[in-house]
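Given chain A's structure and the hints, the job is docking chain B onto it.
Which chain is which? The protein sequence lines are A and B, in order. Numbering of the first sequence is given in our numbering, commencing with residue 357 and proceeding in unit increments. Numbering of the second sequence is given in our numbering, commencing with residue 358 and proceeding in unit increments.
Hints listed in this document are in silico derivations from the structure and should not be mistaken for laboratory results. Check before you lean on any hint, since a few could be wrong.
Claimed, not checked - If the Cβ cut is set under 8 Å, some of the chain B residues that face chain A in the computed set are:
hint : residue
1    : D369
2    : F371
3    : R409
4    : R412
5    : V416
6    : G419
7    : I420
8    : R430
9    : F455
As the structure is a computational prediction, the values presented were derived from the model and not from experiment. Using N, Cα and C, we set each Cβ at its ideal position, and we do this for glycine too.
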Amino acid sequence: MSVLSSRVDRGREWGRQVLTLTRREILDSLRDWRILLPIFVLTLAFPLLMNFITVRTQNMFYERWGVEGIERRLLPLMLMVVGFFPVSVSLVIALETFVGEKERRSLEPLLLTPLSDLQLYLGKTLAALLLPLVAGCLGITVYTAVLWRQGWHPSSVLLIQILVLTAAEALVMVSGAVIISSQTTSVRAANLLASFVIIPMALLVQGESIIILQAGNAILWDVLAFLIVVDVMLVRMGIRLFNREELLGREIDELNVGNLWRMFRRHLGWERWLFGLDLARVPRPWRWLGTLVGLYLREVPAVLRRSWLALALVVAGLLGAVWVGWDFAVRFRLPAGSLALDSITDESFTGLSTTSWLPAFTTWGVLQNNTRSLLAAALLGTFSFGSLAVALLMAPLAVIAYVGFQAAWAEYDPFLFLLTFVMPHGVLELPAALIATGLAVRLGATFIAPPRGMTVGEGWLQALADFIKLFLAVVLPMLTVAAWIEVHITPFLVLKVYGG
Amino acid sequence: MIRLEGLTKQFDGFTAVDGVSFSVAPGEIVALLGPNGAGKTTTVRMLAALLRPTRGHAVVAGIDTLRDPIGVRRRVGMLTEHPGLYLRMQGGEYLDFFGRIYGLDGQTREQRARQLLEQFAMPEAWDRRIGEFSKGMRQKMALARALLHEPPVLLLDEPTSAMDPHSAKLVRDAVLSLRDERRAILVCTHNLAEAEIVADRIAIIRRGRIVALGTPAELKRRLLGPPVMELRVAAAPDGVVSLVSRFARPLEWGPGWVRYVAEDPEAVNPPLLQALAEAGVPVVTLSEVPRSLEAVYLRVVEEAG
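So that you can see chain A by itself, here it is in the shape it has in the complex (with noise of 0.2 Å):
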């Protein structure tokens, strides 16, 4: 009992440090006009703007075309824009919040302090989150509470959409814009780099007006949940780039090209390794062994292991493609007789040729389109976090399994078909691509979750020379000879066990 109550005591200790972190704050904000007056203006002012704005344009399209109730379409995207407005402050107040310290000399003795690198995330975090949403939600109320005199009662579903979201579009600005903000030198730097934030909220205020006006506000849900994963993977990237000795340590914004390359020629490295063999004894014609044991008997599974989370990641998403193969299946299964496999001919392969996406049904061909995938991955992945990497593997992988389901549906024995059909290449191909996937997905999770002990960059530059040499030592090889297999072995399976 007493353990648990200690535990509670110190809780409840770091909770409020964290708290009265956050005071100070915005009791700083508070006492500055230059972010006061904006809210002001803002919160109340803009709502009776936005009004009368709704009302003109209500009585332009009735005078003009005669339409009426366009503002039952214009009155929910106004609220938003009424919420989202203040909220737009806190990219200023999150964007200074390490950074402006730094340039004032304050931030030291700030972390000097006993508060821990999460509780100085936390407190600021918070700090550049409540004044603007407080003014955002006075927004909302401003402009509900007019609209209500007016007759127009948005109902409570609306509302809630409307403050949640808004609440989730501040966390997403504010948590961008603190990482932001732990990573340079100087506030100019920060608002230069603050168009990585503007950019895309105005992509997605955007997006999110045309879904009201045409497609309702059932789907704002939707975009809701977006919000909060992009809010989680945000928030997990500022804790775990958050580094109190970065912060103070770094003067200048320097990109030192030197320094990288050597840092990624040193990843891309791996050790010489002959069985324990001493390799300065070893005859000279024959020491390129050590080179290449030592790559595929330590590196790779070093890199492997290096890789276990996300090579897991890209196995549940293969697991989930499947069971999406299903669901599709289910739902949109194909008539009777529309799969006839004893139709399938010589030709039927020979064909694919024809589609765009497969410039030649030869080894090459093959070779290359999948090539060119994992590639594309990697590239999405990188701007993606990985989901994208994941994705790109998913839609292939899904397709398999409902033309499995649909076989199976069709009387075929799944298992003859997946034998004949997949697995002669696929026994390769789909490790192949698992390893390459996972790598992608490393590319682009490293932005979130550095490895310990590593920044970002070193991190990234870790992940693309492990990338690189798997791709080449073992991705490539294996597709070669899946892709061969793919030509050569398995029409001829399939035509054999199939084939009229």
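Relative to the frame of chain A, chain B by itself:
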């Protein structure tokens, strides 16, 4: 109280601090003396658990800075080179904020904050906005912040840099008043006079390495040789130089004065004075020729290349 063993810090291949080892005992003030960029600030930042050492380790108030950085920060008070105050806050409010962060209760916070402001002769700072403070007041406010939680270890990084002489003296006096048998103080400075006034021992750091360590007297003796004494007499009777040479090595002399090297002044001077009295030589003064720490510092820096 403070122990550094082979403390090293590298930034992107550049070694800022290179295997620094020394210690500061409770009740002692040690000055870390060195030119700009010598590694003083990096050293104290490692001691305050703000930077992780690349190699070596430091124990501060009995806690390893790597194992428990938060515990170290709880026991360290640090005055940074720039006061780094929140200018929109009032003095009392500012100290209250830091007191809360250090987990002090309301009564203790107010009592200590008022006491520190009294001690530094600025009680009016309690309800004045920090932005209105003079440079000296700001530095003293930062010192009050560093002392609020009564830390057993005090790290002062350039406490009087860029201050006018009067403000510098105020802060120096304040530092001297903090000497306590339970507290270890490390002062980083490139001000030689300041180091000599406040420090019991001096560590000279250059290019990240400690190149000399000892009391000011030890350093002078080691680097400039044994002390030189100056004997002034009312007249210059023949034979004074030869009388002195019986006890010590005369260095130079003139009408009414002789300078000599005393390997051990306590052993040499009393019998010399007695011999002078017996010989009827009227002694006016006997004093040590002052040698500045600057000479020591320049010698060390030149020797270190």
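Original post:
What hint numbers does the structure not satisfy?
Top reply: 2, 4, 5, 6 and 7
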